[in-house]
Amino acid sequence: MFHSAALSMSDARSIDDEILSTLRAGDRDQAVTMLVRQYQRFVYSVALRQMNNVEDAQDVTQDVLMRAVRFVDGFQQQSSLQTWLYRVTINQCRSEFRRRRIKSFFGIGSDEGEIEVASAGPLPSDHAEQSDFDAYMRKVLAQLPPKQRETFSLRFYDELSYEQISAITGTSQGALKANYHWAVKKIAEHLKDSEYYAHWSGSHDAE
Amino acid sequence: MMPNDIQQELREQLSEHGLPVNELGPNMTAHKHRRDAAIESATSTMSMRVQRALNAQSVGRPRAARLALALTAAAATVIMVVTFHPDRGTTTQGSDSTSFGTISTHATERDVDALTDELVRRSSTSAAGWAVTDDDVDRLLGDAGLDL
Chain A
1 MFHSAALSMS DARSIDDEIL STLRAGDRDQ AVTMLVRQYQ RFVYSVALRQ MNNVEDAQDV
61 TQDVLMRAVR FVDGFQQQSS LQTWLYRVTI NQCRSEFRRR RIKSFFGIGS DEGEIEVASA
121 GPLPSDHAEQ SDFDAYMRKV LAQLPPKQRE TFSLRFYDEL SYEQISAITG TSQGALKANY
181 HWAVKKIAEH LKDSEYYAHW SGSHDAE
Chain B
208 MMPNDIQQEL REQLSEHGLP VNELGPNMTA HKHRRDAAIE SATSTMSMRV QRALNAQSVG
268 RPRAARLALA LTAAAATVIM VVTFHPDRGT TTQGSDSTSF GTISTHATER DVDALTDELV
328 RRSSTSAAGW AVTDDDVDRL LGDAGLDL
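Protein chains in written order, with my numbering: chain A, 1 to 207; chain B, 208 to 355.
Extracted from the complex, chain B is given alone in its bound form (with noise of 0.2 Å):
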């Protein structure tokens, strides 16, 4: 079935039930022209961003595993300073709970980000649907010490 079929399918259906056709069927067609148009616009320019975004991967990597370990390097820092300084109160104490904070969601964002990385490699070898399941999610929060 072409498009304009699946267009006139749906005039006709409206039109059992009492809709005035004449009248609707050119605001469906405008409505749909328009949002076609939008996602026209909306993607001209997705071959060149994921071009972009594939080669900066490729230079990305080695930095962000240096952020990373420049991140961890701080962050054990903090801690160092909350073993070896307990007395500083409350101040010291609020930086080494940001830290842990910050180091989870990192942790936890790698670990979604892996979940998503396996969904895609299960899905590209089977015909049958797999999404992600609520235990899924509640086995990787559980992981990282989460409880949302």
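Bound-form chain A, shown alone (with noise of 0.2 Å):
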């Protein structure tokens, strides 16, 4: 779904050095356009697991491409903007629980302690579209070891492939396609369990 997704790393290389060179030429405004569109949707999705919260997530989207905006001119292309920005955004959410923890030591807004990462707690019903098949996923997810459900969710919802996954996160492609077998396992095995299961299985009989 994202801009980069479905492209290639070499691909997804052209639209940085597309990226960085209107910003070298001078053109900042376009090259923060072109920056935020890129990348805006990858950086809500990261954020948006880590944060379990749409508003938070919408906030630590901001922030990420705001630091992205202002350190991007120092950026030295080691790795893809996308690689980096990962990065970004997983220390900006950590900052925020941190931040959060700070303020609750304080009593500063008491009811805004450190929520639990990737909880299984619905999101916000901002997106009235949701369906049950929806917050049972996350359910599941929510119950996956964090490599797993992260291989997963970059994979899957992502869709990223072995080779994008492994620069981003610095695992090897091995250990990767080995997180997402067992994470699928899982998701099998609690499905089979689930009362979707059972349903399917029933208009499989009634057929």
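Don't read these hints as lab results, they were simulated from the structure.
Nothing here was measured: the structure is a model prediction, and the numbers come from that model.
No false leads were slipped in.
Looking from chain A toward chain B, a few residues come up when the C-beta cut is under 10 Å (computed):
id, residue
1, R41
2, V43
3, Y44
4, M66
5, R70
6, N91
7, M137
8, K192
9, H199
Below, computed lysine-lysine pairings styled on DSS-like, alpha-carbon distance capped at 25 Å:
id, chain 1, residue 1, chain 2, residue 2
10, A, K177, A, K192
11, A, K192, A, K147
12, A, K177, A, K147
13, A, K186, B, K239
14, A, K139, B, K239
15, A, K139, A, K177
16, A, K147, A, K186
17, A, K192, A, K139
18, B, K239, A, K147
19, A, K185, A, K139
20, A, K192, B, K239
21, A, K185, A, K147
22, A, K186, A, K139
23, B, K239, A, K185
24, B, K239, A, K177
Label-pair distances were calculated between CB atoms; the ranges are:
id, chain 1, residue 1, chain 2, residue 2, range
25, A, Q143, B, A244, 24 to 34 Å
26, B, A260, A, G174, 37 to 47 Å
27, A, T33, B, S222, 42 to 52 Å
28, B, D212, A, G26, 35 to 45 Å
29, A, S8, B, R259, 32 to 42 Å
No residue lacks a Cβ here, since even glycine has one placed at the ideal position from N, Cα and C.
Two chains, two frames, some hints: make the complex.
Structure, rendered in structure tokens:
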């Protein structure tokens, strides 16, 4: 779904080159627009998994993109912009939790304590079209070990290749494939124990 | 591999685990599409948000500096009250404690911001992953005199 997702790494690198060369040519506003449009969905998707809340994910996304704009001049292309933004997003989320821990310590906004990362809780009902199956899948994913959950999410939801995920997470492709395999196996086990499976099996029997 | 291939791959893998893919497949696809639409909706105004925030930041920084000065001055006044009127008892001491807590929070928040900036700067010049460690956090909190 992301502009960058269905691209090969070399295509993604070309887009990064275009953004950075626009920046270096002095058209900062255009470069910022390109950067934001290219990566906003990816950054938001990663932030949403970490923060588990739409508004918080939007705030983190805004902060990440603003920081990226501030520091992109010094970006030396040792990695892709996507890899860099992934790390910035993860660190920004952790900073946000840290900030809440401090505020909670001082009793500022006492109901804003640290929230469980990727907990199974429902997202705000901003998107009324979200079905029970969406909520069910969130619960299943929340029960996966973090590496398996992140690998599955980066591949299935963010549509990244193993090569891209490997570059982003610094994990070998073999290990990622193993993580993905185990994630799918556990998802399948959960689904088999669910009412959905019973319903699907019932509809099979009826045919 | 294209997105549809990834979805097809998942269907095949779930099928290997004995799940009825004809029923599950459309649910997974619809689930993915709803999530994509929600992300599209949540980020639809992000360009505008970022641009507005960047504009506000250039105006807001001097304002923030003035606010910080005002807060410091107010806190100094409270500390002076405590110094010169120690016999006012718990009410004044309570004010002092609150102000000091506020100052410490502001200082630590600035540290967290500075740390985040430093992480962004370092990762922009390196291929290696560089995530903040608990030691970094402990150092910052220690500098601020906090024990969380």
